[in-house]
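Protein chains in written order, with our numbering: chain U, 1135 to 1393; chain W, 2 to 320.
Derived by calculation from the structure, the hints in this document are not laboratory data. Please note that a few of the clues may not be correct.
[Said to hold, decoys possible] Where chain W lies over chain U, by a calculated footprint (3+ residues, C-beta under 8 Å): (1) 1313–1326; (2) 1347–1358.
[To be verified] Below, a sample of chain W positions facing chain U; criterion: calculated Cβ distance under 7 Å: (3) D219; (4) P223; (5) D225; (6) T227; (7) I232; (8) S235; (9) I293.
Don't be surprised by glycine CBs; every beta carbon is placed ideally from N, CA and C.
So you can see what is in the structure, the chains are spelled out below.
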Amino acid sequence: MRTADAPAARPTATGRHLCWAYADRDEFLGQARDFLAEGRASGAAVRLVGDGLPDVEGVPAEPVSDVYGVVDPAATVSYWAAALADALAAGHTGLRVVGEVTPLVRSAAQIAAFAAYEHQVDRLMARHPLSGMCAYDRRRVDPAALSDLASLHAVHNLPGVSFRLHAVAGSGDLAISGELDVTGMAALARLLDRVAPTVVDGELVVDARGLDFVDHRSLMQLASYARGRGATAVLRTPLPAAARLVELLRVPGLRVEAR
Amino acid sequence: MTRTGAAAGHVGYFHEAVCYDSDDELLAVALPFLVGGVDSKEPTVVALGPEKADLVRRALPFAAAAAVTFLTGGSVYARPAGAIRAYRELLAGHVADGAGQIRIVGEIPRPSLGATWHWWARYESAINHAFDEFPLWSLCAYDTRVAPSAVISDVLRTHPRSLHADGRHEPSATFAQPSSFLTAWPPVAVDPLEAGPPLITLVDPTAAGARHAVRLVDPGLPGDDTEELVIAVSEVVTNALRHGRPPVRVRYWAGSDRIVVSVTDGGPGPSDPYAGLLPSRDSTTGGLGLWITHQSCNYVTFSRDESGFTLRLTAGNPN
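Isolated chain U (complex conformation):
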């Protein structure tokens, strides 16, 4: 489990996207303070979005409705892209945001829309100096929904989440990390539907360098999803197990590239 508790200062051209699930408001505020202080030290503009929050590191909290309104994934991603451009134009090295987004994931429809948004903004952050900490109050978010939302970050602090579906730093390509087995199949199906990864030249490429295990059911599920999109799933992983299972099963719609 990769956790978010030791953020290293690294002013780079790509941002970081992390999920912080909390049950203790003060503990969350401490994490937010560290995250914003680190951003400020690296020359980034900093913002804090959340309802009923005190100032953190001297940054006043903006109401959630002012920033997100009704979440429209593409429009909200455009909003942050424009905010980043403004920050860079003003001489900052990037933009760093803490968002307490619990009010945005109450209904099933909201959760679906926000999950799609989380992945789109993850791809933006993977390619640009925009960093975000998405904070969720675990006492007020449905546990299954919270697991799904945490899975859409390369880094999160939620225990018991078996895999992560995220963008690769630099390229923004789709990555799956962690362990894929029967316990994660329902979540994988939901997340693939919400994320709708890009098919290029008939291939749905998954960077699986961070994958520690994959079982035959998950491989067949990926293949089936890719076939449904008219594509071949290409799993890039050095895992001997993945290559071995694909050799045994010869599943149509699936290829493993050992790297």
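Add chain W to chain U, keeping to what the hints say.
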């Protein structure tokens, strides 16, 4: 397409045992069989170990030796489920090319007549079914100088007939249909490691927890043996949790050259007699996972007692 020799007029798999006690006796049976295949322009295959293959090659007429395909017996007979798959593909290829009959003389390597014989006995029984869609005539050779009597007894129960040096084709009086042989579940010899306490015992673990424990007990097996066991343990524990009855108990032993994992649940075990040996695409039974398990371990046994069903997996050297 017509069939030739003793299998003329037979439909499906003509499965014969050859129990020989000298090289001359093996040649007396194998040479006419192979020459007859070559003369009839049938795909004719030898899958013997290197010494016996050499013996046969040197004894064959030059033209016949050139027409016979020699498979290296060791790789064909690495694991039963792999042998079934490899042979089925070979046979399907020859049938697609128009063969009216395929002849194979093969011998399971000597090490497999020892500690791991149990799953090879299951193999010999299962192929009566698994190869029956092909016009195959095969001779399964057993050297009675090295095969234990219990092995020969299983050979007679799993082969409908045998061929003798004097040319007699004799039906086996003790032959058992695969559906009965494969569901008899005779007692399985314990691995000596099982005499000691397990290094780890898990009750109702997650598949991830069961996989992790394999790495904890790994003595550093060479190659991909440990990784393949991790795949197998994951499949078996997933099956036990989904299809078995609680509690699911997983025990781990390790020696310097192997890891043994046993998975016990309170259920009756798989109902499919061919479980593990043939792939099942029916995801409701866990049959594909069992087949993957048989392809990923160096030995797999099934056993059943009053406490439930136990699947034992061995990585590394099972002998």
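Consistency of the hints with the structure:
no. : hint      : in the structure
1   : 1313–1326 : holds (count 4)
2   : 1347–1358 : holds (count 4)
3   : D219      : 14 Å, violated
4   : P223      : 13 Å, violated
5   : D225      : 5 Å, holds
6   : T227      : 10 Å, violated
7   : I232      : 5 Å, holds
8   : S235      : 5 Å, holds
9   : I293      : 6 Å, holds
In the structure shown, a violation is registered for the earlier hints numbered 3, 4, 6, in ascending order.
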